[in-house]
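Here is what each chain is made of, one letter per residue.
Protein chains: 2
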Amino acid sequence: MSRTLIRNVAVLVVPEHGECRVDEAQDVHIQDNLITAITPTASTGATGVAGVAELAGVAEPAEVAGAAGVRGEMDVVDGTGLVAVPGLVNSHTHSPMVMMRGAAEDLSIEDWFNRRIWPMEVNLTPERVRVGARLACAEMLLAGVTTFVDHYFHADQIAAAAIESGIRADLAPTYFSSASQDGIDAAIDTTRGLSRLHPRITASLGPHATYTVTDEDLKRTADLARAESLRIHLHAAETDDQTQASLDNHGVTPIQVLNRTGVLDAGALIAHGCGIHESDLPILQRYADRTTVASCPKVYLKLAMGEVTPIKGLQAAGVPVGVGTDGAAVHNTLDVWEAIRMVALTQKQREHDAEWMTLSDTLRLATRGSAAAAGLADHIGVLEPGRQADIALVDLAAPHNQPVHDPRAALVYSVRASDVVTVLVAGQVVVRDRSLTTMDLTEVLADAKSLAHTLVDLSKGGAIQHYAP
Amino acid sequence: MSRTLIRNVAVLVVPEHGECRVDEAQDVHIQDNLITAITPTASTGATGVAGVAELAGVAEPAEVAGAAGVRGEMDVVDGTGLVAVPGLVNSHTHSPMVMMRGAAEDLSIEDWFNRRIWPMEVNLTPERVRVGARLACAEMLLAGVTTFVDHYFHADQIAAAAIESGIRADLAPTYFSSASQDGIDAAIDTTRGLSRLHPRITASLGPHATYTVTDEDLKRTADLARAESLRIHLHAAETDDQTQASLDNHGVTPIQVLNRTGVLDAGALIAHGCGIHESDLPILQRYADRTTVASCPKVYLKLAMGEVTPIKGLQAAGVPVGVGTDGAAVHNTLDVWEAIRMVALTQKQREHDAEWMTLSDTLRLATRGSAAAAGLADHIGVLEPGRQADIALVDLAAPHNQPVHDPRAALVYSVRASDVVTVLVAGQVVVRDRSLTTMDLTEVLADAKSLAHTLVDLSKGGAIQHYAP
Chain A
1 MSRTLIRNVA VLVVPEHGEC RVDEAQDVHI QDNLITAITP TASTGATGVA
51 GVAELAGVAE PAEVAGAAGV RGEMDVVDGT GLVAVPGLVN SHTHSPMVMM
101 RGAAEDLSIE DWFNRRIWPM EVNLTPERVR VGARLACAEM LLAGVTTFVD
151 HYFHADQIAA AAIESGIRAD LAPTYFSSAS QDGIDAAIDT TRGLSRLHPR
201 ITASLGPHAT YTVTDEDLKR TADLARAESL RIHLHAAETD DQTQASLDNH
251 GVTPIQVLNR TGVLDAGALI AHGCGIHESD LPILQRYADR TTVASCPKVY
301 LKLAMGEVTP IKGLQAAGVP VGVGTDGAAV HNTLDVWEAI RMVALTQKQR
351 EHDAEWMTLS DTLRLATRGS AAAAGLADHI GVLEPGRQAD IALVDLAAPH
401 NQPVHDPRAA LVYSVRASDV VTVLVAGQVV VRDRSLTTMD LTEVLADAKS
451 LAHTLVDLSK GGAIQHYAP
Chain B
470 MSRTLIRNVA VLVVPEHGEC RVDEAQDVHI QDNLITAITP TASTGATGVA
520 GVAELAGVAE PAEVAGAAGV RGEMDVVDGT GLVAVPGLVN SHTHSPMVMM
570 RGAAEDLSIE DWFNRRIWPM EVNLTPERVR VGARLACAEM LLAGVTTFVD
620 HYFHADQIAA AAIESGIRAD LAPTYFSSAS QDGIDAAIDT TRGLSRLHPR
670 ITASLGPHAT YTVTDEDLKR TADLARAESL RIHLHAAETD DQTQASLDNH
720 GVTPIQVLNR TGVLDAGALI AHGCGIHESD LPILQRYADR TTVASCPKVY
770 LKLAMGEVTP IKGLQAAGVP VGVGTDGAAV HNTLDVWEAI RMVALTQKQR
820 EHDAEWMTLS DTLRLATRGS AAAAGLADHI GVLEPGRQAD IALVDLAAPH
870 NQPVHDPRAA LVYSVRASDV VTVLVAGQVV VRDRSLTTMD LTEVLADAKS
920 LAHTLVDLSK GGAIQHYAP
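Here the protein sequences come in this chain order: A and B. So for the first sequence, the numbering used here puts the first residue at 1; every next one is plus one. So for the second sequence, the numbering used here puts the first residue at 470; every next one is plus one.
Hints are computed from structural coordinates only; laboratory data are not their basis. For each residue, glycine too, the CB sits at the ideal point set by N, CA and C. Among the hints, erroneous ones may be present.
[Claimed, not checked] Which residues of chain B face chain A? A partial, calculated answer using Cβ under 10 Å:
hint, residue
1, Asp625
2, Lys688
3, His719
[Claimed, not checked] Cβ-Cβ distance ranges computed for the label pairs, FRET-style:
hint, chain 1, residue 1, chain 2, residue 2, range
4, B, Thr594, A, Glu351, 35 to 41 Å
5, B, Leu910, A, Asp78, 36 to 42 Å
6, B, Asp909, A, Gly193, 56 to 62 Å
7, B, Ser748, A, Asp248, 34 to 40 Å
8, B, Ala785, A, Glu443, 57 to 63 Å
9, B, Met470, A, Glu355, 20 to 26 Å
[Said to hold, decoys possible] Here are the simulated EDC-like cross-link-like pairs (lysine to aspartate or glutamate), alpha carbons at most 20 Å apart as the crow flies:
hint, chain 1, residue 1, chain 2, residue 2
10, B, Lys929, B, Asp580
11, A, Lys449, B, Asp864
12, A, Lys449, B, Asp875
13, A, Lys460, A, Asp240
14, B, Lys918, A, Asp215
15, B, Lys918, A, Asp395
16, A, Lys312, A, Asp378
17, B, Lys918, B, Glu596
18, B, Lys918, A, Asp240
19, A, Lys449, B, Glu493
So here's chain A without its partners, still in its complex pose:
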């Protein structure tokens, strides 16, 4: 049994509704992988900071006292001057694509897929995927990202990197219908295997998209998902062009495809959804208890996709929305702080309403929403007793955050990933004083550097898929 105490830290509190707040001077008590209590610092029966009493409801007072009694054996992290936030969640990414960072710029979505990414991906090998995933895990952990929701090839290698690094992950092994049946079956078997691998790893089924996987394969996937209690993570209605093409070619929207194939009934994480129409919302509402959408707006602007995710409509339909980066071959970073800020900015722009997507709503989306997108709504995303101890400690002392009139504003609009000091996942300190404790960063970077050229080599010709939605 391991015990950790984060002493004297300000804690971001994200209620289900209403205003978020930051409670000053709290102690966060952790036992093994869980938060057991959050109590006012140095209080011995004092009334404490507003709101703490209710948070501490789950805690066992005797246990907390016991922990205090053996403080010498506890890992005590000094939180003075820091803000504890729920570890960030990257709710949609392709982590190994960090290996192609900056290698496909200033391209239309068609050229990005057909002239760069899918031709480059003929170069994928298990080793290269693992090296990329290790780099991605390092980047994310150092930035306070404690969970990522991934969709990629050789997912067993990504799992290995995640387990080694200490990060939490939900992994969907990608497949196209253009693959052989054996290829599809292998991806599905990988999902099955991953879901039993490690307490920090969950797995989802990963059909690529409604335009690269046939209705028949989607139906098979949905049946399997229901039978084996697996989630489905896929791309759908990424752009309005895709929705129009689907209507033109099949007479239905991508969301209607997900409905008629049973994918929505089985439960799905939909990546992007910028092309979700008003008429799709009642369908999604029917499955709101098992549907989530991940929004990655930097990508929508960069690829000039024309729309961003219609979050207002989705929220009105009760569908949880999370924040993601997509792969670094287009987002260029796996920086979820950047993604959160872009969600707030682009949503205000989309709705022509500066009073919409408030600080509190943005932080709720980034925490509770992203936890739901990861399929972990009851386990992560909120700092309270009984939740996983996935925590990022953020230092707002640097000039770009000062003075702090409102720490919530700092977290949404001025913080940098480099302000993250210490990170815990499942109670383990994986970043301490801005350094990884779990991996040798020099080695991770050297490996990535030595293999980087192999990933962007177009000399072999061919492509793993063609984009023509």
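Given the coordinates of chain A, work out where chain B should sit on it, guided by the hints.
Okay, now just chain B, sitting in the frame of chain A:
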């Protein structure tokens, strides 16, 4: 006479047209405030890296040799593994507003002005402005911003902070027509005084905007500007709503107002210009040799202004465009890297064209464009002999930039302000190994913290102005 040598650094080269590039392994030779030569590292008559020969054209070979001969007396900065970029320019800001960072969130533009900012600004005092400006200079220098173009009250205090910190600044003392004639005259006198104060300080006339300064006062300002060879820096056509209101109330666009009052003829930096109409472009084209526009897109999204600056049209009209942050009371940071990225992203979105605002075009805008916006087109913005030695050294070694397939992509889409290691302004090392050399940061932060509450105090009532364009 002081000499500095930046050894073995990669140099960002930004030509007037065509592709930017990064030349590896260069030595940047600096004498007093100027770059005197850029030569391949450790070359003794070797042919060197492509493009360097032409850059070194201005250099005196004898001087360079002489410098090498007295290396012991030179400040030698090791640039190994770093990229030298032209010091960034914040081409429109209100620096002391860092004191209100995070104090006016989730508000419409009307409420932002009328319920928060202008009521808060009744609290301005010279001391508070100076404390804010010192914090702003610290934030900017640490992020590699070497010049800022400011528009604010008590500009003499801002000049003092700029001089102390070592940053370069163009300062426009703000005035409204609602002020007394004495108030306007005092602002104009401040401009005159500042323009003779220090080699790193230039000054502009600062009428606030077309909707807060009368045509008569704009005419007086334009006459004065022509007579005394001063530039005018003002807000105009910030939103399309403002342009519509101007058309409804006066039958002319804000740009037409600038034209008929002589402001364009005198030479102007126009902040924002999101409401510039197609029909305004031929007017601006006529004064393209003395007109520039500053674009601060994070603000346009955050305030849901509906439009961003029409950069494509302005560039077609030959009008230089720079990048800025606006004040931190709405942008929340003075991070020009963030502003540059937002320009690229929002311009691709605006034009529905992912192939527009390329890496090279974005970097050109951020360097040559912003130098023009600062009125310093011939002095800063490019690293070449004869230019001011305003240089930021950036480290791309951290995981979020790796691997580096294209350093230009890293500079636009993945770099963080915290990657800036060393900064020179006019040949002086003002940031070394991520620390300010010119000011005591602890003191700067403590001063800001102690006065922060005084700036956001709304108890006095009143406002310095009312927003009703």
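**Index of numbered hints that the structure contradicts, given in increasing order** = Failing hints, ascending: 1, 2, 3, 5, 8, 9, 13, 14, 16 and 18.
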